[in-house]
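K.L.:
What follows is the residue order along each chain.
2 protein chains.
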Amino acid sequence: MTKKVAVILCGSGYKDGSEIRESVFTLLALNQLNAHVECFAPDDWQKDVVNCLNGKNMEEKRNMLVEAARIARGKIKDIKELKAKNFDALMIPGGFGAAKNLCTFAFEGSAGSVRSDVSGVIRSFYQEKLPIGAVCIAPVIVAMTLKNENLLLTLGDEGEAAQEIVKLGHRHQQCLSSDCVVDKEHRVVTSPAYMDDGASMAEIFQGISKAVREVLSF
Amino acid sequence: MTKKVAVILCGSGYKDGSEIRESVFTLLALNQLNAHVECFAPDDWQKDVVNCLNGKNMEEKRNMLVEAARIARGKIKDIKELKAKNFDALMIPGGFGAAKNLCTFAFEGSAGSVRSDVSGVIRSFYQEKLPIGAVCIAPVIVAMTLKNENLLLTLGDEGEAAQEIVKLGHRHQQCLSSDCVVDKEHRVVTSPAYMDDGASMAEIFQGISKAVREVLSF
Numbered sequence: 039m040t041k042k043v044a045v046i047l048c049g050s051g052y053k054d055g056s057e058i059r060e061s062v063f064t065l066l067a068l069n070q071l072n073a074h075v076e077c078f079a080p081d082d083w084q085k086d087v088v089n090c091l092n093g094k095n096m097e098e099k100r101n102m103l104v105e106a107a108r109i110a111r112g113k114i115k116d117i118k119e120l121k122a123k124n125f126d127a128l129m130i131p132g133g134f135g136a137a138k139n140l141c142t143f144a145f146e147g148s149a150g151s152v153r154s155d156v157s158g159v160i161r162s163f164y165q166e167k168l169p170i171g172a173v174c175i176a177p178v179i180v181a182m183t184l185k186n187e188n189l190l191l192t193l194g195d196e197g198e199a200a201q202e203i204v205k206l207g208h209r210h211q212q213c214l215s216s217d218c219v220v221d222k223e224h225r226v227v228t229s230p231a232y233m234d235d236g237a238s239m240a241e242i243f244q245g246i247s248k249a250v251r252e253v254l255s256f
Numbered sequence: 039m040t041k042k043v044a045v046i047l048c049g050s051g052y053k054d055g056s057e058i059r060e061s062v063f064t065l066l067a068l069n070q071l072n073a074h075v076e077c078f079a080p081d082d083w084q085k086d087v088v089n090c091l092n093g094k095n096m097e098e099k100r101n102m103l104v105e106a107a108r109i110a111r112g113k114i115k116d117i118k119e120l121k122a123k124n125f126d127a128l129m130i131p132g133g134f135g136a137a138k139n140l141c142t143f144a145f146e147g148s149a150g151s152v153r154s155d156v157s158g159v160i161r162s163f164y165q166e167k168l169p170i171g172a173v174c175i176a177p178v179i180v181a182m183t184l185k186n187e188n189l190l191l192t193l194g195d196e197g198e199a200a201q202e203i204v205k206l207g208h209r210h211q212q213c214l215s216s217d218c219v220v221d222k223e224h225r226v227v228t229s230p231a232y233m234d235d236g237a238s239m240a241e242i243f244q245g246i247s248k249a250v251r252e253v254l255s256f
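Here the protein sequences come in this chain order: A and B.
Residue numbering for the first sequence is 39 to 256, as defined by the working numbering.
Residue numbering for the second sequence is 39 to 256, as defined by the working numbering.
Simulated from the structure, these hints should not be mistaken for laboratory data.
Predicted model, so just to flag it, every value in this text is computed and none were measured.
Treat the hints with caution; some may be incorrect.
Put simply, identical chains are the same to the list, so a pair is met inside one copy or across any two.
Here are the computed lysine to aspartate or glutamate pairs in the EDC-like style, where the Cα-Cα straight-line distance is at most 20 Å [what the hints assert, rightly or not]:
| no. | residue 1 | residue 2 |
| --- | --- | --- |
| 1 | K41 | E198 |
| 2 | K94 | D116 |
| 3 | K123 | D155 |
| 4 | K113 | D234 |
| 5 | K85 | E98 |
| 6 | K99 | D86 |
| 7 | K41 | E241 |
| 8 | K94 | D81 |
| 9 | K41 | D126 |
Taking the hints into account, I'd like the entire structure generated from these sequences.
P.N.:
And the structure:
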């Protein structure tokens, strides 16, 4: 049976939007396993626009939905239209945008907040016991939304970000970018991807593919 | 032995730059086969900026090198620094940018011209008998640069674009997006990718992977 999976994006680019490679790997892995995919993003401004060549902020405004359409090849909808009841699973790729646009983790750590449209979607998938996959830094969005649910998550190494996960009432497990962590009880799957900047594309694709396979197996 | 491959990008997005998925698939396939990759793009304005959600032109200017850095995660150089003698092969992903930014094929067909920095690079790889891979619409750039060389190329179906290839003094071979065409004599490998808009991501990745394997096998 074909599984229907919603993917949340938030721009297109590793410094200010959804990480492009992680997003494409997620979509490719889902397609390779015959999932039916629909992409969604908030129809709102990115937190910032960063020149990904020199890392400096640009005096521009870009819209998360419009930019994410670059990755989605135009086939993407406003996150307001995303209803858990129409899907079997949710996937959230990472990138700085996940920590800056979808929530304020990049600025406030575990004290930050998640956009209400995004937290609403995560909560509804969780309540319906539908699996949620999150890549790279995106697990922090799940951790902030589902505070104190004692989820088992990974952000790769046991660094500062991992400590914030624990502060939010969850458990952190170290993991390579070529692998993923499965919380069977809560149906949450996470893979570190570019949390390890030194990981190869092949390793990251392997990790995301494993995560996608686990998400689809629930 | 690790092969060194140069990849030419020209922005980031399917309506106005390098097609994101084709670019990522090319980089992933190269990495999976242990190639050492360097990305390059012209440090110049894109021909246009297109809202990939509604297809309309945007009143903005974006730089090919700066935007391509989103795909390359900042690791990209000005195409002026690309010297064939430092590499074993060249790969060019497709997308509208390939036909609008790197050459004028989108507006003038076979009567158009190729940016001199890009045609210079292609000519030098060709003269050094180094393999060249081109994806989607990008074979037209090779066809325009190497006019009347009787290359065997594919743009997928036998459509209008394919006829322009023949006008330029080459041969066109029909091909599925899950496959590639190899011109052994001239060391040029092409794969249609999103020339078939209905092809799946898995099929396109398969075709690009085959093309990359052939390029590395010379």
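K.L.:
Work down the list of hints and note, for each, if the structure agrees.
P.N.:
Structure-based check of all given hints:
In this assembly of identical chains, the alpha carbons of K41 and E198 never lie at most 20 Å apart, being 35 Å within a copy and 37 Å across copies at closest. Proximity of K94 to D116 under the C-alpha cut-off of 20 Å is restricted to the inter-copy arrangement: shortest distance 18 Å between copies versus 29 Å within a copy. Proximity of K123 to D155 under the C-alpha cut-off of 20 Å is restricted to the intra-copy arrangement: shortest distance 16 Å within a copy versus 52 Å between copies. For a Cα distance limit of 20 Å, the shortest separation of K113 from D234 across copies, 16 Å, qualifies, whereas the shortest one inside one copy, 30 Å, does not.
Taking the shortest Cα distances, K85 and E98 sit within 20 Å of each other both inside one copy (11 Å) and across copies (19 Å). Proximity of K99 to D86 under the C-alpha cut-off of 20 Å is found in both arrangements, the shortest distances being 7 Å within a copy and 17 Å between copies. Taking CA atoms no more than 20 Å apart as the test, K41 paired with E241 passes between copies only; the shortest distance there is 19 Å, against 25 Å inside one copy. In this assembly of identical chains, K94 and D81 lie within 20 Å of each other by CA distance solely across copies; the values are 17 Å between and 24 Å within a copy.
Proximity of K41 and D126 under a CA criterion of 20 Å is satisfied intra-copy only: 6 Å inside one chain copy versus 42 Å between copies.
In the structure shown, a violation is registered for the earlier hint numbered 1 alone.
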